[in-house]
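For this one, chain A is given, so just place chain B on it according to the hints.
Protein chains: 2
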Amino acid sequence: MDQVEKWGMFEICCKGKTEGNPYRDYTITAVFEGEKERVRVNGFYDGNGIYRARFMPSYEGVYSYRMEGDYSDIVTEGYFKVVTPSAENHGPVIADGTRLRYQNGKPCHIFGTTCYAWVHQSEQIQEQTLSTLQENAFNKLRFCFFPKYYEFNTKEPVTYPFEKGNGEGLDTKLVEREKEVRTVFPGMKDDGQEYGFDYTRFNVEHFQRFDKRISQLLNMGIEADLILMHPYDRWGNNEMDRESCLQYLKYVTARYSAYRNVWWSLANEYDLIKTKDLEDWEIYGITVSENDPYHHLLSIHNAVQNYDFSKQWITHCSLQRTDFYKTTEDTDIFIEKYNKPVVWDEVCYEGNIGIGWGNITGQELVRRFWEASMRGGYCGHGETFLAPDDILWWSHGGKLKGESPSRIKFLSEIMKDVPGGYLSKGNGMFDEVVGCAGEHTGKGHATCYDYSIHYLGICQPAYRMVFLPEDADYEVELIDTWGMTVTPLGKMRGVNRIKMPEKQYMALKIKKV
Amino acid sequence: MDQVEKWGMFEICCKGKTEGNPYRDYTITAVFEGEKERVRVNGFYDGNGIYRARFMPSYEGVYSYRMEGDYSDIVTEGYFKVVTPSAENHGPVIADGTRLRYQNGKPCHIFGTTCYAWVHQSEQIQEQTLSTLQENAFNKLRFCFFPKYYEFNTKEPVTYPFEKGNGEGLDTKLVEREKEVRTVFPGMKDDGQEYGFDYTRFNVEHFQRFDKRISQLLNMGIEADLILMHPYDRWGNNEMDRESCLQYLKYVTARYSAYRNVWWSLANEYDLIKTKDLEDWEIYGITVSENDPYHHLLSIHNAVQNYDFSKQWITHCSLQRTDFYKTTEDTDIFIEKYNKPVVWDEVCYEGNIGIGWGNITGQELVRRFWEASMRGGYCGHGETFLAPDDILWWSHGGKLKGESPSRIKFLSEIMKDVPGGYLSKGNGMFDEVVGCAGEHTGKGHATCYDYSIHYLGICQPAYRMVFLPEDADYEVELIDTWGMTVTPLGKMRGVNRIKMPEKQYMALKIKKV
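Those protein sequence lines, which keep their order, are chains A and B. For this note's numbering, add 170 to where a residue sits in the first sequence, where the first one is 1. For this note's numbering, add 170 to where a residue sits in the second sequence, where the first one is 1.
One chain only, chain A, in its complex shape (with noise of 0.2 Å):
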């Protein structure tokens, strides 16, 4: 009997039938069933008369599959044997409240990264990309279905999401709308690439692909953040109309659902894609939540207005900077307005480009990371350096130039040592940021806990003034966060005036003992 892993994927793989549109024509159901749960998914056609259903089984056991349709005449059924996971191997991420967390429990702190456009690029620089993910603390990837145009993405994608068709049914004056859209990214040329996609048929090669590097990042560990939609379009992806749309989201949900690591981002920027309105993503979102049947994380991004996250089929934030100055720093008012995991997937890149977004320091960038880490938040990497071969992590993947990425794995290692895994927001003086884990023990200023971290930010000080009871004993030490350092300073109890190095982005850890 066929074994799979709880959370691995099971594939049913048969021959159909290959007239007319396979990919819009043919229904194709799969039923999976073991004594804990029942799931009917729906299969999809791979081309060359291939159709296939997946499934991420929740439970170890027995299972019997079933796929059938019109697709074909033939029923396809068996048997599997789902075992236990191995120690890699964790389950999805959920959301836990206002948390995250694997299936299993673990506790899971998302430090994410974004290559919008890497399965885009050469085998050669997706490769690199890899390689260098290998090397970082990054859980989460970012990245885009469909392919980039933007400033520094000019060139063709390897593959096109769907066949090259005649250009028939498109509207032109959505064409002509979008193209108006395209003058909000100044300097840009359009070069005058052909329109003419049929988008009732998928070029499979282009979702192969996505198969291979979703895999890939799946047995790495790392969270497969899927674009579905995005603005920076010069091939009339963002003309489709309404039911060749939800035929997409449909064929994607069918075919990526069943990787434990995919999370869904509806769209980037979707403010800035004028041919949608509200309507268009309500029914979007919804399709995508309502056709995954494990109900993997769900979102969409905003550039300038945010999304109403309070919408049942979104399940955490996934948030854009919307104040030039101030980030991460809000990360506790969206959790208290919304409820939910509040993941920063934009606030600015370390890099060195023109624009405000592309060019913060890597201090900055990594001050942005423990804001939202002491908060109770999730907070996302980029990076965009300019290079002479125009290879931008950002975007394209490739190699890592800058000083934050090894400041993030340095948190990482820190999260990790929380009880819990997770921070929330304690009480503190004005100016620090207490990341709290455990019961409140102060009194008075003493606005302790048992396990806190002070994040100081951009503070300097000589010394620090900390209040604590004086009942107990509390374990401190000196968290360096840029210079990557945890200096014990012993056992304190009651009123202590600390030594601090005078320097910036330093953290006190507090612990009862």
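Treat the hints with care, as some may be off.
Put simply, identical chains are the same to the list, so a pair is met inside one copy or across any two.
[Stated by the list, open to error] In silico DSSO-like pairs for lysine-lysine, Cα to Cα no more than 27 Å straight-line:
(1) Lys569 with Lys669
(2) Lys673 with Lys571
(3) Lys595 with Lys661
(4) Lys669 with Lys571
(5) Lys481 with Lys334
(6) Lys176 with Lys673
None of these hints come from the bench; they were simulated from the model.
Frame of chain A, contents of chain B only:
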């Protein structure tokens, strides 16, 4: 005939009665009359049987004066001549819409600093403070009339504002309330200084020392931002009843209004003074305004809760940051809200003490100055570096140690070059703050003006796109606000890709030829 400069001070001095309490018991008024104005002022008792009345003329020509009241049976009268002001005398600073300017029309960009308790220190330190001011570009000094009790401020002042009395009439409940308030400054001790001043009898030595210092600042071209009340008290000054407060405020205005460089700060951190409520502040504010014949600049400064700056007696906003992350970035919001000049009197100090308001870097403080200046407001400096002798500029004066003063001087030179001496916030990209003067000349993305400075703050671009109209030339300069250099980049028009030094705190000055 005696001569005095326009906006100089003319003083009448005469003998009078000494029976009873001459600070309280007698009326003393003087009328000054020239061709264009007739001003009635209150005189004041200066001890030793001496009464004075002071006057600041606003016009040239011959004036008569007449001083009388029940302080004496003799009327003192005569004539004096008001002559053309000297080159450095531009008159008092006034609010002109949302900008500050001197009475003679000269633009006035205020660069304040703060030495709260400098006049309460030894003569030697006071002289050192003046000498430090001489070397720097600060043109406003903010300081307290009452002595200060606070961290680093636990010594007795050189003189007290009131004569030592028998302590009768003090409301002991108020004393207890005030003692409670001190707990907002954790770690401070009350060393048991006795209460018991007679708030109806002034210690003229104290007032005379302020005469001298205000006058010296005047001669140095420095505005004296005199703080009349504050919460840092252990001498009972905050327990004065309303009648005593009014007597104090009338005496202060009678005594100091004729110094053209005086600004009134009714209180520092008024909201930490728990013995007074909003009704008190309103009465006190109106009293100062009505008793100052020249209506010098008058405001009231907060700790946590901004005062309602729309009150008629308030000439300008005197702000402290109320958000730890955003301060002067909100300048234009306050300008729009109150339509009055916006003066940031506390935006955290360059230093290294234990608490966040006193340990930011020079870079961050200078950045806040630039943000304020580009947005049409005025920012204040302070410095809190630990010192073996506990002499910290922010309170005691003495010497400056930080890196910001030279950069503030550099900014003051930049501002002197601005047409009209004043920038207001213009349109720009989301990642820059544009201070502009003159007409808007841009189209589309060409957000430029006859004269504008584009400040890039924490961004560190390697290049910057600048979009100018095609039909005119603009001179462009690169300003390194921290490195204090100005590099001409030549004339430009149309779309330009400007090479930038990949460092923070850069600005581009763009001036229509």
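Verification of the supplied hints:
1. Lys569 with Lys669: between (39 Å within a copy, 24 Å between copies)
2. Lys673 with Lys571: Both: 24 Å inside a copy, 17 Å across copies.
3. Lys595 with Lys661: within (24 Å within a copy, 52 Å between copies)
4. Lys669 with Lys571: Answer is between; shortest inter-copy Cα gap is 21 Å, intra-copy 34 Å.
5. Lys481 with Lys334: neither (36 Å within a copy, 69 Å between copies)
6. Lys176 with Lys673: For Lys176 and Lys673, the Cα distance exceeds 27 Å both inside one copy (48 Å) and across copies (51 Å).
Comparing the model with each numbered hint stated earlier shows that hints 5, 6 do not hold.
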